[in-house]
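There are 2 protein chains.
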Amino acid sequence: MKRFGIFIALCSVAATSGFAMAEKAIPLPAPNGLEIPKDYKDWRVIAPSHRTDNDSLRVILGNDVAIKAARAGNTKPWPDGAILAKLVWKDRKDENWEDATVPGKFVHAEFMFKNAKKFNATGGWGYARWLGKEQKPYGDDASFAQECYACHTPVKSRDYVYTTPAQTP
Amino acid sequence: MKRFGIFIALCSVAATSGFAMAEKAIPLPAPNGLEIPKDYKDWRVIAPSHRTDNDSLRVILGNDVAIKAARAGNTKPWPDGAILAKLVWKDRKDENWEDATVPGKFVHAEFMFKNAKKFNATGGWGYARWLGKEQKPYGDDASFAQECYACHTPVKSRDYVYTTPAQTP
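In order, the protein sequence lines correspond to chains B and P. Count along the first sequence from 1, add 1, and you get the number used in the numbering used here. Count along the second sequence from 1, add 1, and you get the number used in the numbering used here.
Keep in mind that a hint or two might mislead.
[Unchecked claim] Below 35 Å or equal to it, Euclidean Cα-Cα: the simulated DSBU-like pairs (lysine-lysine) are:
no., chain 1, residue 1, chain 2, residue 2
1, P, 134, B, 69
2, B, 77, P, 25
3, P, 119, B, 42
4, B, 137, P, 134
5, P, 106, B, 87
6, P, 87, P, 106
7, B, 157, P, 119
8, P, 106, B, 42
9, B, 87, P, 25
None of these hints come from the bench; they were simulated from the model.
Make the full structure from the sequences, and use the hints.
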C-alpha cells in the first residue's frame with residue numbers, strides 16, 4: 002500500500018510537470034513593477050542594428066502608438082503610451098553565407114515605456130528588461146532603472162532614445 | 002477670353018499635381034508580373050541580419066502564413082501562400098554609439114512568394130525586388146528571376162531560403 006501511494010505521488014508530479022511545460026509561464030514583472038507587454042513579438046519594426054562592441058544583433062520594435070509616432074516623425078518627444086522593445090541576439094556566422102551575421106542565442110528583450118509624468122524621475126521613460134528565453138526580470142530591486150537612465154542620458158536631446166527610425170519607401 | 006482659358010488650364014494642372022503628390026504612387030509590378038504586397042512594412046519579424054560583403058543591414062519579415070510557419074518550425078518546405086520580405090539598408094555608423102551599425106539609405110525591398118506549382122520553374126518560389134524609395138521594379142524582363150533562383154540554389158535543401166527564423170522566448 003505504501004508503494005502504491007508513492008506511485009500515485011510520482012504520477013501527480015509527472016502530470017503537474019506536463020501541464021507546466023504545456024502552458025508557457027508568464028514572466029514575472031520587473032523589480033520596478035513593469036510588466037512585459039504580452040504581444041511584443043508581434044509589433045512592427047522601427048529599425049535593426051548591429052553592435053560590434055558586444056557582438057549582438059538587434060531589432061527595435063514599437064507598439065501601435067510608437068509606430069504611428071515613428072512614421073510621422075513625432076519623436077521629439079515620443080508621445081505618452083509609446084513603448085519601444087529591443088530584441089537582442091548574440092552574433093552567429095551564417096553557415097551558408099560567409100559574410101553574413103545572423104541571430105544566434107537570444108540574449109534579452111528590453112523595453113522603454115513612455116509616460117512623461119509617471120516616469121519623470123527617469124526622463125519620462127520607464128525601463129525594464131527580461132533575460133534569456135526564460136525571461137527572467139533584470140535587476141535586484143527597482144534601482145536597476147538608474148543604470149538604464151544613466152546610459153540613455155547622453156541622448157537626452159533625442160528624448161533619451163538612441164534608435165533613429167529606419168527610412169522606408 | 003483666351004488668357005482666361007489658359008489660366009483655368011494651369012489651375013487644373015496644379016490641382017492634379019497636388020492630388021498626385023498627396024496620394025503615394027503605387028509601384029509598378031515586377032517584369033514577371035508579381036505585385037508588391039501593399040502592407041509589407043506592417044509584417045512581423047523573422048530575423049535581422051548584417052552583411053559585411055556589401056555593408057548592409059537587413060530585416061526579414063513574413064506575411065501571416067510565413068510567420069505561422071516560422072514559429073511552428075514548418076519551413077521544410079514553407080507552405081504555399083508564405084511571402085518573405087527582405088528590407089535592406091546601407092550601413093551607417095551611429096552618431097551616438099561608436100560601435101553600432103544602424104540603417105542608412107534604403108536600398109531595396111525584395112520578396113519570395115511561395116507557390117510550389119505556380120513557381121515550379123524557380124524552385125517553388127516567385128521572386129521580385131523593388132529598388133530604392135522610388136520602388137522601381139528590378140529587372141529588364143521576366144528572366145531576372147533566374148538570377149535570384151541561381152543565388153538561392155545553394156540552399157535548395159532549406160527550401161531555397163537562407164534565413165533561419167530567429168530564436169525568441
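Now the hints, each set against the structure:
1. Restraint check: the Cα-Cα separation between residue 134(P) and residue 69(B) comes to about 19 Å, which is no more than 35 Å; the hinted pair holds.
2. Taking the CA atoms of residue 77(B) and residue 25(P), the gap is near 26 Å; set against the 35 Å cutoff, the hint holds.
3. Among the hinted pairs, residue 119(P) with residue 42(B) is consistent with the structure: their alpha-carbon atoms are about 32 Å apart, no more than 35 Å.
4. Proposed proximity of residue 137(B) and residue 134(P) is contradicted: the alpha carbons are some 40 Å apart, above 35 Å.
5. About 22 Å separates the Cα atoms of residue 106(P) and residue 87(B), which keeps this hinted pair within 35 Å; it holds.
6. As the CA atoms of residue 87(P) and residue 106(P) are separated by approximately 15 Å, the hinted pair is consistent with the 35 Å bound.
7. As the CA atoms of residue 157(B) and residue 119(P) are separated by approximately 53 Å, the hinted pair breaks the 35 Å bound.
8. Only pairs whose Cα atoms come within 35 Å are accepted, and residue 106(P) paired with residue 42(B) is accepted, the gap being roughly 26 Å.
9. Our distance criterion of 35 Å between C-alpha atoms is met by residue 87(B) and residue 25(P), whose separation comes to about 30 Å.
Going through the hint list in order, the structure does not satisfy hints 4, 7.
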